[in-house]
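Participant: The residues making up each chain are set out below.
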Amino acid sequence: MNGSPTIGWRGKLLHIDLARGTARTEDIPRDLLLGYLGGRGLGVRLLRETYHLDPFHPGMPLVFAVGPLCGTAAPTSARLAAVSRSPLTGTVYDCSAGGRFAYRLKASGYDAVRIVGKSPVPAILSITPAGAELSAAGALWGKPIGETVRALEGGGSVAAIGPAGENRVLFACIMMGEGNAIGRGGLGAVMGGKNLKAVVVDGDLPVAVADKTRFGRARQDVMRLFRASPVIFGELGIAEFGTPALVDLMRQRRMAPTENFRRTVFEGSGNYSGPAIRKAYRPKKDGCFGCPIQCKKSTQEGMHLPEYETVSHFGALNGIDDLHAIVRSNALCNELGMDTISAAATLAAWGEGRGRFPAAEEVEGLLADMGYRRGEGDLLAQASRRVAEAMGHPELSMSVKSLELPAYDPRGAYGMALAYCTSNRGGCHLRAYPISHEILRKPVATDRFSFSGKARIIKIAEDTNAAVDSLVACKFSFFGATLEEYAELLSAVTGEEYGPQMLKEIGERIYMTERFYNCANGFDARDDRLPARFFREPGSGGEGIEIPPIDEKRFEEELLKYYRIRGLTPEGAFSDPDFLGKLP
Amino acid sequence: MRDQIEKYEARLLADRSAFPGKIAFAAQDDTLLADGNPELARLCGDVLSSLSCLGIVAARPSLPFADFLVRRAPRTESRIVPRDTETRTFLHDIPFLRREELGDAAAEKIALLLGNRKGVIVEGIGIVANGTVTVEHAYINYSSVFHAVFVKYLLDALAEGFLLPGERDAFRAFREEWLQPISAEGIPFRSGPLADTGEILEEIAAVGRHTVERGLVDSFFGNISYRSGNIVYISQTAASLDELPGRIDPVPMDNSSTTGITASSELLAHRRIYEASGASAILHGHPKFTVAMSMLCEEKDCPIKDCWKECDRVRSLAGAPVVAGEIGAGGLAKRVPPVISSPRKAVVYGHGVFTVGETGFAEPFRDMVALEGLCREEYFRRLDEKLSG
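Protein sequence lines correspond, in order, to chains C and P. Numbers 5 to 588, taken from the working numbering, label the letters of the first sequence in order. Numbers 638 to 1026, taken from the working numbering, label the letters of the second sequence in order.
Among these hints, one or two may not hold up.
As the list claims (entries may be wrong) - Just a sample of chain P residues kept apart from chain C, beta carbon distances all over 10 Å, derived:
| hint | residue |
| --- | --- |
| 1 | Glu643 |
| 2 | Asp667 |
| 3 | Pro711 |
| 4 | Gly768 |
| 5 | Glu773 |
| 6 | Thr874 |
| 7 | Glu912 |
| 8 | Cys944 |
| 9 | Leu1024 |
Unchecked claim - Quick list of in silico lysine-lysine cross-link-like pairs, DSBU-like style, CA-CA up to 35 Å:
| hint | chain 1 | residue 1 | chain 2 | residue 2 |
| --- | --- | --- | --- | --- |
| 10 | P | Lys971 | P | Lys946 |
| 11 | P | Lys971 | C | Lys216 |
| 12 | P | Lys942 | C | Lys289 |
| 13 | P | Lys659 | C | Lys289 |
| 14 | C | Lys565 | C | Lys586 |
| 15 | C | Lys288 | P | Lys971 |
| 16 | C | Lys565 | P | Lys644 |
| 17 | C | Lys289 | C | Lys147 |
| 18 | C | Lys147 | C | Lys216 |
| 19 | C | Lys288 | P | Lys946 |
| 20 | P | Lys942 | C | Lys479 |
| 21 | C | Lys16 | C | Lys565 |
| 22 | C | Lys565 | P | Lys746 |
| 23 | C | Lys479 | P | Lys971 |
Don't read these hints as lab results, they were simulated from the structure. For every residue, glycine included, the Cβ atom is placed at its ideal position computed from N, Cα and C.
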């Protein structure tokens, strides 16, 4: 492999062995940087030797990887991906997060950190350009996120776990110091399993840009598209209202998951809509470091306000219309280091199973029990699939590959239905993100009640977003910009020529690598399934919109079509056992 | 997908942007489908099979402007740079392939270029555009390139005259045969004020359809709204003006709901115009002659280079004020409202026209027709002067 210098990338991997207490720096072959970019792609590539290990096996790496745009002024690119295998789903797992941690990691001189082993005592890992150090977590073990971050932030940016991660709650997050979460699949539990309480990074090494004039032009092009996008900078867009701007829209489209997906309209959703939050909290703009959008919203005192999926799931999904209770639930999950979507969806499945959804005033106690694995919380900490199975009603878990579905009812958007199933990390809205065109009309609108063309669209979007997650850029950028502008940014930074088609091919390589890992670990078409409810029960039609059950036969046809387009067998598997051997 | 191909082939013929018989589409799901002119369909299929996108269109434009621009470009150039807002925002510039560059591997070379861009010009073949998401997406990209080429060629011809053999004759044919009179005559507008929601939605949809059918704008270039009380009914982002039923968002003026997050990117401009003018109806479109003429400025030695966003002067074009400003959240919403109240119309540099109506759409439609007509006349007057002088 060619090891010549690169621009934009560092070309360096920091390898940490917690069991031995060692750190060493490795060169990352240039071919891997060019072919996998960074973030999700690089992290997934770095799992090639270990993907078969159990998520809690000490040898299973937890990788933090930044991208070639990180540390530059490329919009929304001060992000990283954390990659490992999910204890919740068993799939390969990545999650992207913003905050200052990503650019400080890059400024420490690394593209990625790979952490293996289990520390004999709870530990803190500190990274600077001078190297890495491990120290004892001491009394910080057991502390919630806020206290942990405050204790450590003098040393740089912090990524930490809370009690949920320490207690291996299967949907525990890694929380970034600024409030961003590496959420969903339970990488906080992986970190907890390694006895690693926090990672602190600091550095000041600049990132070179190969062609500053070209970079400046490309950046202006992106910003112009942001300004032209109603979803981003529009008066009703996410820069103004945050992602809860979607509450009213999903209500109007009659696809807001309600009472564990039994219904799709919640009468009380206006209580936690974007305008309702604005009225109640007078929020200020907040967001990832250097991001021009600032989609996150905080109270004047700095408390982070919940995202769309969180308000909807602690709201409609559990039949709760008390905004302040929802905000408190979000804050508690953040303190415990626990994914809000899975926490709320687990409560909803459990609530339906016992015949009563939790009341607003019960939720905080239940969340605390989950985080500390107390009483009923010990079961709830295992998430909805295992909870529903334990209750004798596995059908009540609204999940795909054990990952709880977010707040977009698949009966209201058929591309979303397909995308939930084909997502390599389970029931996630962010892999193909068809809400973009099925609901938000970007880049153009598609018919949300049609499967026509969706298999191809989903495939292209999965590849595109795998590249986006490897750059690492925020998906919200693509409500305005396209791969065309981001390829320009990448070319300008690295001096290597990239175009949209090339990025999509890189994304395909990453996506297929993930799928191969999953298949090798026993996943196949039987895991690409939606809960039966969506094929049997209608949603809440009305106001001129019908929400019928999804036509299962048509769904199956489209799924088979998707496999054909991907070059997979009808069982969703690989016919070539040496598939990985042909990749860089 | 065949129905989609048929629909957008018909669109290309209806808006007269492509040459009949010289249109082809390809689309791929799990199989590749190519349809239309056999030679172009084969090309489309070959190009699409090496790209990660859903659809592609290749067509010879109904006007030879694209080829002229390629041939007029210096030999060292491989792209044209139209400065209208659509291009600046969404296409940036338009790359081209010269005839002699194609050789025996035309599809391969087009795919290589198109893999990086939304649309390209291929000399001797026409405009080739892709659609990542739908066949419609490919059509929109074709339409955007056609619009950009049209406007740029008008401006280049005015600045430099005719430079190539055949150009003068082709332009005469364009002027005398391709162009058709535009008129507001015979359209039965409802007289306002419109209070009934159903009536409002029907009227917006009808105005949109007329705007396209009368050749004022191509279907994706504009937006329309009507204010009734606290609600602004506005066409959705990326909605075709001649297909608006079901694509109009009701948006409260006080932002008490965010359902209108799917509304046109010009929502803010529409709101501010309503507040400033007291009007009830707004029609916004991108008529080509008006767009071209808005980019002509007589100012000498002006230090401003990014006129499209930086110019703070209010110029005049056929009785309408002309201001600068980017679309969406980019400044247009600040600069149009202060100048539109009295003339009831305003032009945005390189972008298009806003016209307003007191109670209905008859007045703004008539004003847009008149303005485009005057801009067309003025363009030809200046061109004739240039050519005769």
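Participant: Please go over all the hints and tell whether each is borne out by the structure.
Facilitator: Evaluation of the provided hints:
1. For glutamate 643 of chain P, the shortest C-beta to C-beta distance to chain C comes to about 14 Å, beyond the 10 Å cut-off, and the non-interface label holds.
2. In this structure aspartate 667 of chain P is not separated from chain C by more than 10 Å, as the shortest Cβ-Cβ distance comes to only about 4 Å.
3. The beta carbon of proline 711 of chain P sits about 20 Å from the closest Cβ of chain C, which is more than 10 Å, so the claim that it is off the interface holds.
4. At roughly 8 Å, the least C-beta separation between glycine 768 of chain P and chain C is not larger than 10 Å, which violates its mark as non-interface.
5. The non-interface label for glutamate 773 of chain P is inconsistent with chain C: the shortest C-beta to C-beta separation is roughly 6 Å, within 10 Å.
6. Not every CB of chain C lies more than 10 Å from the CB of threonine 874 of chain P, the least distance being 5 Å, so the non-interface label is violated.
7. Separation of glutamate 912 of chain P from chain C is adequate, the least Cβ-Cβ distance of about 13 Å exceeding the 10 Å criterion.
8. Every C-beta of chain C lies more than 10 Å from that of cysteine 944 of chain P, the closest at about 15 Å, which supports listing it as non-interface.
9. Distance check on leucine 1024 of chain P: its Cβ is at least 36 Å (rounded) from any Cβ of chain C, clearing the 10 Å threshold; non-interface status holds.
10. Note on lysine 971 of chain P and lysine 946 of chain P: the hinted pairing holds, with a Cα-Cα distance of about 11 Å set against a maximum of 35 Å.
11. About 31 Å separates the Cα atoms of lysine 971 of chain P and lysine 216 of chain C, which keeps this hinted pair within 35 Å; it holds.
12. For the proposed pair lysine 942 of chain P and lysine 289 of chain C, the alpha carbon gap of about 33 Å is at most 35 Å, so the pair holds.
13. Restraint check: the Cα-Cα separation between lysine 659 of chain P and lysine 289 of chain C comes to about 52 Å, which exceeds 35 Å; the hinted pair is violated.
14. At most 35 Å may separate the alpha-carbon atoms for a hinted pair to count; lysine 565 of chain C and lysine 586 of chain C meet this at roughly 25 Å.
15. For a cut-off of 35 Å, the pair hint linking lysine 288 of chain C to lysine 971 of chain P stands: about 23 Å separates their Cα positions.
16. For the hint linking lysine 565 of chain C to lysine 644 of chain P, the alpha-carbon distance of about 24 Å falls within 35 Å, and the restraint holds.
17. Between the alpha carbons of lysine 289 of chain C and lysine 147 of chain C the distance comes to roughly 28 Å, so the proposed pair stays at or under 35 Å and holds.
18. Taking the CA atoms of lysine 147 of chain C and lysine 216 of chain C, the gap is about 45 Å. The hint is violated against a cut of 35 Å.
19. Under the criterion of a C-alpha separation no larger than 35 Å, the hint pairing lysine 288 of chain C with lysine 946 of chain P is consistent with the structure, at around 28 Å.
20. As the CA atoms of lysine 942 of chain P and lysine 479 of chain C are separated by approximately 33 Å, the hinted pair is consistent with the 35 Å bound.
21. For the proposed pair lysine 16 of chain C and lysine 565 of chain C, the alpha carbon gap of about 41 Å is over 35 Å, so the pair is violated.
22. Of the supplied pair hints, the one linking lysine 565 of chain C and lysine 746 of chain P holds, its CA atoms being roughly 29 Å apart against a limit of 35 Å.
23. For the suggested pair lysine 479 of chain C and lysine 971 of chain P, the alpha carbons sit about 29 Å apart, so the restraint of at most 35 Å is met.
Violation of the numbered hints given earlier is confined to hints 2, 4, 5, 6, 13, 18, 21; the remaining hints are satisfied by the structure.
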